[in-house]
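Whole structure, please, built from the sequences with the hints as guidance.
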Amino acid sequence: MSRELELGDVFAMLDKCLPGHTRRLALHHWRIEHGGTVYPSLPKGAHGTHRAAAEIGHVRRMVRLFGIGPCARKELPGL
Amino acid sequence: MRQGCQGCPCNILAGHEVRTDTRSSLEGGDEMTDRETPKVFPLMFGFSDLVMGRGFVAEVTTDGRATMAQEEGEWWMSGVNPGGVAASGATVAEALANFRNTYRLVLTDSAMLANSFEEFSRDVQGIFASTTQELIEEWKAAAMAIREGAAAGPFQDLQRRPCDNADFTVTIKKVVVETAQPKPGNDQEFSLPLPQAA
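Top line first, the protein sequences correspond to chains R and L.
Adding 2 to a residue's 1-based position in the first sequence gives its number in my numbering.
Adding 32 to a residue's 1-based position in the second sequence gives its number in my numbering.
Calculated directly from the structure, the hints in this document are not laboratory data.
Hints may contain errors.
What the hints assert, rightly or not - According to the in silico footprint, chain R covers these stretches of chain L (three or more CB under 8 angstroms from chain R):
hint, segment
1, 70-83
2, 95-103
3, 114-122
4, 127-139
5, 202-212
Only a predicted model underlies this, so the values are computations on that prediction, with no experimental measurement involved.
By construction, the Cβ of each residue, glycine as well, lies at the ideal position given by its N, Cα and C atoms.
Structure representation (structure tokens):
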């Protein structure tokens, strides 16, 4: 299992690095959308956990898809 | 919606040969030591799913592209089209299975968020169209390496197909239950580009 990042930190990064994006909680995943681009497979995190987290690999791929690498790495060191 | 693959004999859904002996090299021994083995592998996949939504049943068939690479000790399968679907596993086989399952769950999510077939169809098209030129170029470079004879590593037993571009297709049909007919399942199939003939 790869390292995980708390979703709260991921969302804070998105608020800063991807202004105007929307995030919707679907049945199985979080969906992040911006400008017609969709990342629909961000994990929800374990049920019932106060601090849900996502594998860092998912965050890296989402960041790459939206082209926000420099900003995201600044907000989430170790990304 | 159908895109790409014009002139490219890469529609694996037409033949849907299903291999049953592809796991031997995928289950273990995934560490790569051969210097000629690439770090990024270009994969193609063909899936067919029936998805239930509000007032509709849809059949979604795809001919998609993805890459597979090791990252911090895990295998990560990353979609090119769809660029926002990814999954990991301790082994190649696990990553392939997890990618298939994640893709299916993404379709389910889409159906649950949509209020009509048309909305679902637009959403799935948007998911498939979500990619970047960087992802496409990475797939093309990896495909070129395989075509030019690079080792296939743990993917050596996958079916090979003569497709050298990163185009994709996705077809979304509304199923009319009254006229539906039984047909053989066409579940997951993964393949690798065919090496160029000598």
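We went through each hint and held it up to the structure:
As drawn, the segment 70-83 of chain L meets chain R at 0 residues by the rule of a beta-carbon pair under 8 angstroms; below three, the given contact is violated. Counting residues of the segment 95-103 of chain L whose CB lies closer than 8 angstroms to any CB of chain R gives 1, so the stated coverage by that chain is violated, three being the minimum. Here the segment 114-122 of chain L counts 7 residues with a CB under 8 angstroms from a CB of chain R, which clears the bar of 3, and the coverage holds. Counting residues of the segment 127-139 of chain L whose beta-carbon sits less than 8 angstroms from any beta-carbon of chain R gives 3, enough to reach three: the coverage restraint holds.
Residues of the segment 202-212 of chain L lying with their CB closer than 8 angstroms to a CB of chain R number 0, which falls below the three-residue condition for coverage.
Going through the hint list in order, the structure does not satisfy hints 1, 2 and 5.
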